[in-house]
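Trainee: Quick mapping for you: the protein sequence lines, in order, are chains F and G. Going by the numbering used here, the first sequence opens with residue 1, and the numbers climb by one from there. Going by the numbering used here, the second sequence opens with residue 1001, and the numbers climb by one from there.
Among the clues, some could well be false.
[Stated by the list, open to error] Far from chain F, by Cβ distances over 10 Å, these chain G residues were calculated:
id	residue
1	Ser1090
2	Tyr1097
3	Val1110
4	Asp1114
5	Thr1120
6	Glu1139
7	Tyr1156
8	Arg1164
9	Thr1183
10	Lys1203
11	Leu1223
[To be verified] Below, a list of computed lysine to any residue pairs in the SDA-like style, where the Cα atoms sit at most 20 Å apart:
id	chain 1	residue 1	chain 2	residue 2
12	F	Lys68	G	Tyr1097
13	F	Lys105	G	Tyr1097
14	F	Lys87	G	Lys1115
15	F	Lys87	G	Ala1234
16	F	Lys68	G	Thr1098
17	G	Lys1203	G	Asp1224
18	F	Lys72	G	Tyr1097
19	F	Lys68	G	Pro1102
20	F	Lys77	G	Ser1090
21	F	Lys51	G	Tyr1153
22	F	Lys77	G	Tyr1097
23	F	Lys72	G	Glu1091
24	F	Lys77	G	Asp1068
25	F	Lys51	G	Asp1068
26	F	Lys87	G	Thr1098
27	F	Lys51	F	Tyr39
28	F	Lys51	F	Lys72
29	F	Lys77	G	Tyr1153
30	G	Lys1203	G	Ala1234
31	G	Lys1115	G	Arg1082
32	F	Lys51	G	Asn1096
33	F	Lys72	G	Tyr1099
34	F	Lys77	G	Glu1139
35	F	Lys77	G	Tyr1099
36	G	Lys1030	G	Ala1079
37	G	Lys1061	F	Tyr217
38	F	Lys87	G	His1221
39	G	Lys1115	G	Gln1157
40	F	Lys68	G	Tyr1095
Calculated directly from the structure, the hints in this document are not laboratory data. Just so you know, even glycine gets a beta-carbon here, dropped at the ideal spot from N, CA and C.
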Amino acid sequence: MTKQHANWSPYDNNGGSVVAIAGADYCVVAADTRMSTGYSILTRGYSKICKLADKSFMASSGFQADVKALQKHLSAKHLIYQHQHNKQMSCPAMAQLLSNTLYYKRFFPYYAFNVLGGLDNEGKGCVFTYDAVGSYERVGYSAQGSGSTLIMPFLDNQLKSPSPLLLPAVDAVTPLSEGEAIDLVKTVFASATERDIYTGDRLEIVVLNADGTRYEYMELRKD
Amino acid sequence: MFRNQYDTDVTTWSPAGRLFQVEYAMEAVKQGSAAIGLRSKSHVVLACVNKANSELSSHQKKIFKVDDHIGVAIAGLTADGRVLSRYMRSECINYNYTYESPLPVGRLVVQLADKAQVCTQRSWKRPYGVGLLVGGLDESGAHLYYNCPSGNYFEYQAFAIGSRSQAAKTYLERRFESFTDSTREDLIKDALIATRETLQGEKLRSSICTVAVMGVGEPFHILDQDTVQKLIDAFEIVGQDEGPAAEPDAAVPAEQAAAGEGAGADTGSAPETDVAPMDI
Chain F
1 MTKQHANWSP
11 YDNNGGSVVA
21 IAGADYCVVA
31 ADTRMSTGYS
41 ILTRGYSKIC
51 KLADKSFMAS
61 SGFQADVKAL
71 QKHLSAKHLI
81 YQHQHNKQMS
91 CPAMAQLLSN
101 TLYYKRFFPY
111 YAFNVLGGLD
121 NEGKGCVFTY
131 DAVGSYERVG
141 YSAQGSGSTL
151 IMPFLDNQLK
161 SPSPLLLPAV
171 DAVTPLSEGE
181 AIDLVKTVFA
191 SATERDIYTG
201 DRLEIVVLNA
211 DGTRYEYMEL
221 RKD
Chain G
1001 MFRNQYDTDV
1011 TTWSPAGRLF
1021 QVEYAMEAVK
1031 QGSAAIGLRS
1041 KSHVVLACVN
1051 KANSELSSHQ
1061 KKIFKVDDHI
1071 GVAIAGLTAD
1081 GRVLSRYMRS
1091 ECINYNYTYE
1101 SPLPVGRLVV
1111 QLADKAQVCT
1121 QRSWKRPYGV
1131 GLLVGGLDES
1141 GAHLYYNCPS
1151 GNYFEYQAFA
1161 IGSRSQAAKT
1171 YLERRFESFT
1181 DSTREDLIKD
1191 ALIATRETLQ
1201 GEKLRSSICT
1211 VAVMGVGEPF
1221 HILDQDTVQK
1231 LIDAFEIVGQ
1241 DEGPAAEPDA
1251 AVPAEQAAAG
1261 EGAGADTGSA
1271 PETDVAPMDI
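Isolated chain G (complex conformation):
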């Protein structure tokens, strides 16, 4: 791919009308571990895969609370994501200070997108290397947006970003029409199944994923590990046919036994790595 001539800085166009630095930034998002978002009429669920670098280290934090009514899941350069989360929190606090009401999600994503755009038009800056799935509730209902490094943003019923997100997207595309009227529990289940899709055969355990929920009357919060594990166990036993049937039914009893052992081994052998040290 010889496009080296026009990719040195973000302020250089290629003859084909492309900004390669921005596209490279979007590539960074694709390399990050997966993040998934879904919404119904009244709830938004964010889920992500949390792989620790080694058994000795903690997981990277990829889901951030921005306000009681807004949360964000990121994929890509998590440091950039952390900084943008801080900006989003600050915007929410300032808006609330001035207007004594929660910042509408649509406003926040525009501000975020404008901030990203600035970095695509300054020679001394670089684009943010992080994609953000912003989920939130406001007067006009539940929303899910995707903000990318280019400064574009789109609203989605459900979306997935990061590595192997296509597998999750395929699952979501099949099921998204039912999401609007989905119950909270079904929405979380769909999020977990979509997360499992990105794992490509690896066992889904609560120690490698994080799930966050927000809804009408329910402020944003991250579900604790036990709750998530119970939900995983519930649908692993029941919903093999609901899933995309990657494993045949013969594997189900093996899965159940593995689930029991996996959960026991996880809690027994390395409790520290299974529990993210700083959970909200």
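Just chain F, with the same shape it has in the complex:
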């Protein structure tokens, strides 16, 4: 008597890749805008990036229905925080909140692979990378999603973040200029688009720095 398996899954994977890179005084968060299901494309113009706070942007790949629910949940929590504290949440605070929110559903997870990017209280760029159940780490750069296996080794090669085990502790921040980081992101997505069928169409880039927030777009291959 073999175990019965479900003929229906509550999850679907809408594909796509997300990347974030932290700089000394900036942060870049990027995601492609393709939304797929199976071998089909649902839309070429869907944003995976969500502004959670003035200095916290979350980009999520995976099941977009879960991503949307997660974004709404965090936005509501942030509003409560603002009412109570008369200020916006800092990026590290939001990072912890996201982790707790994900673990809350440990036994029916949000099928979301997240990358949180922003500026910390000192104005330095910060990037946090997550798994689906909330395990997270502050890093200098990260990639998640269907193209992450193609993107991450390349970022390692170019950015080589120092090990957090080193003594004395070294900043988890990459010595790249803002312009260089944006170019790197564009290069990386162009390459991932070539070989990952779920990545493509258009690239959305969010750049945070002391002057505020800026959006940039770049066309990617549509095949």
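Given the coordinates of chain F, work out where chain G should sit on it, guided by the hints.
Mentor: Chain G only, in chain F's frame:
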């Protein structure tokens, strides 16, 4: 006033058909410091008198942001007001979460009123001792409501609650017909003048009052002290005839000198007490 026989708990009617505990709760509202609200077609202004207990303490917070499009001014037991504000904020957030649109003000005040009513019909509860002036904007325009501890609520063009609010109401009754088409600036000025009415001779300074505005395209926010002081100075010099003429014109030069000195002394001597420590 011998009504002690039927006022022990809220679930006891008096022979005359009154619930004394509810009426006592409304009394608590009358004892609180004044809060005033006015609305035009496109804006709602809330103002209140903020008296600190002593020079060493901060003011009580009486105006709360509920959402970008709704604010509330309270009079009475401010602790009850704080709790109800938290409830209102929560309702707005939940509605927005479900419907991706702002909670209509009329819906919110009904929920608030129903919540107050519950406390008038449970023997283990007491009525909320706070009156709320809820101002907000939604698709049907600008609104101002008054929610009282009894669970009743009414919509107003302008209203005042708390101690010496009758003086403000008298001023507002005289002027309310012009409020619908009032400009934002005139509305704020009227709010400040009405606030001044409740002070009964005491000088109106931005350190003892709080003003909040919301309007079409303008999310709820509390005006900062400098802005309020400038507005007060502007109409104190110009608008003595517009005001109910409590002081004769001879007092105007004295007022101006006092205004200059008052502002200087306030900022110089006790900066901490003049600025509410937690301003939105």
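Trainee: Look at each hint and say if it fits the structure.
Mentor: We went through each hint and held it up to the structure:
no.	hint	in the structure
1	Ser1090	8 Å, violated
2	Tyr1097	5 Å, violated
3	Val1110	22 Å, holds
4	Asp1114	22 Å, holds
5	Thr1120	28 Å, holds
6	Glu1139	21 Å, holds
7	Tyr1156	26 Å, holds
8	Arg1164	30 Å, holds
9	Thr1183	29 Å, holds
10	Lys1203	29 Å, holds
11	Leu1223	15 Å, holds
12	F:Lys68 x G:Tyr1097	11 Å, holds
13	F:Lys105 x G:Tyr1097	19 Å, holds
14	F:Lys87 x G:Lys1115	29 Å, violated
15	F:Lys87 x G:Ala1234	32 Å, violated
16	F:Lys68 x G:Thr1098	12 Å, holds
17	G:Lys1203 x G:Asp1224	19 Å, holds
18	F:Lys72 x G:Tyr1097	7 Å, holds
19	F:Lys68 x G:Pro1102	19 Å, holds
20	F:Lys77 x G:Ser1090	10 Å, holds
21	F:Lys51 x G:Tyr1153	38 Å, violated
22	F:Lys77 x G:Tyr1097	11 Å, holds
23	F:Lys72 x G:Glu1091	15 Å, holds
24	F:Lys77 x G:Asp1068	16 Å, holds
25	F:Lys51 x G:Asp1068	17 Å, holds
26	F:Lys87 x G:Thr1098	25 Å, violated
27	F:Lys51 x F:Tyr39	29 Å, violated
28	F:Lys51 x F:Lys72	11 Å, holds
29	F:Lys77 x G:Tyr1153	30 Å, violated
30	G:Lys1203 x G:Ala1234	14 Å, holds
31	G:Lys1115 x G:Arg1082	14 Å, holds
32	F:Lys51 x G:Asn1096	17 Å, holds
33	F:Lys72 x G:Tyr1099	11 Å, holds
34	F:Lys77 x G:Glu1139	26 Å, violated
35	F:Lys77 x G:Tyr1099	17 Å, holds
36	G:Lys1030 x G:Ala1079	16 Å, holds
37	G:Lys1061 x F:Tyr217	45 Å, violated
38	F:Lys87 x G:His1221	13 Å, holds
39	G:Lys1115 x G:Gln1157	24 Å, violated
40	F:Lys68 x G:Tyr1095	16 Å, holds
The structure shown violates the earlier hints numbered 1, 2, 14, 15, 21, 26, 27, 29, 34, 37, 39.
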